[in-house]
Structure formats: C-alpha cells, structure tokens
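Using the sequences provided together with the hints, build the complete structure.
For the sequence shown, this note's numbering gives the first residue as 25, with consecutive numbering after it.
There are no misleading hints in this set.
20 Å max Cα-Cα, derived SDA-like pairs, lysine to any residue:
(1) K161 / V149
(2) K157 / D181
(3) K161 / D181
Simulated from the structure, these hints should not be mistaken for laboratory data.
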Amino acid sequence: MWTPYLESICREYAQWWKVYTLTDVRGKKSLPQQQNISPLLDLGLMVQTIESEEKQRERQEEKIERLTVLEGLRKYAPNHVLLVGRPGSGKSTALARLLLEEADKVRSGENGQIPILIELRYSQVSILDRIQKFIHKHHPTINIDTATLETLLRQGDFLLLFDGFN
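Have a look at this one:
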C-alpha cells in the first residue's frame, strides 16, 4: 500500500540532495562518517541532551550525551523531540534527511513508521489535512479517509516530522 508513496519520497528527496548546498557549521566537530551515509548528507551538526542521574550521596550530577542530530532524533523520537536552532542552522534540512532515510528504510523492508513531513509555515489548514495533502502529493491514487488516517495515527504507524515551529 505504501510502496509508491515511499518511492516518491526517495526519488524527490534524493534529487533535492543533489542540488542542495551544505553550509559550514562553526564550533562543531564532525564525527567520523558512518559507512552508509553519503558525505553530502553529513550536516556536521551535533545534538546535546542533558539528563540528571542520582549519585550515591543523593546528589545530582549532569550527564552530557553528544549525538549527531539524526542519531538524537532517532533515539528520542518515541518520547517526542523538539529540534531547536537559529534560522539557517539546518533544522529543516535535518528533517528532510530523516524523512528520506526513514522512507528508504521502510521501503527496503525494515520495520519502521511511515515518515510524513508536515510543513506548518505554508498553510492554515488542519494537521489532518496537511498529512493527507503530503500523502497524496507522493501517492495520488491512495484512498485514505479521515477515519482511517486517525486510526493509523492512534496506532503509531506514522513518524510525524513537523517543520516550521516558529
């Protein structure tokens, strides 16, 4: 059911990466590139999370964890993630890259959620309408009514990527 949708995303966003110009990130150190990621797709961005741990004397000490942006998004996605950064820092690019990689993963037969990119800045319609619009953009012949969409959302079948929180 989702194969044409996933193939459309992979085609469109793979083309996007061919023409996209990456910008430098100052003050960040790139990790060694993962074997399966093209150098063009390595944004060189890092994510930092801080969580508290109890110590033996009931003190709290901060534990700093450093991850690439995509590693951080994947690791914390089940708990909902808000990616914050300055304009032009690569938030939209990171979401587009995650969309492409997750679509490719599911298309290849791996278990995962169907990724959907919801761009909030472009229209004033409901979230359900935006989700349906994005699905139909990439799979015009799919027939998903609102009730079915709501069921799929409740079941956790989608990885929703919201872009444009301003």
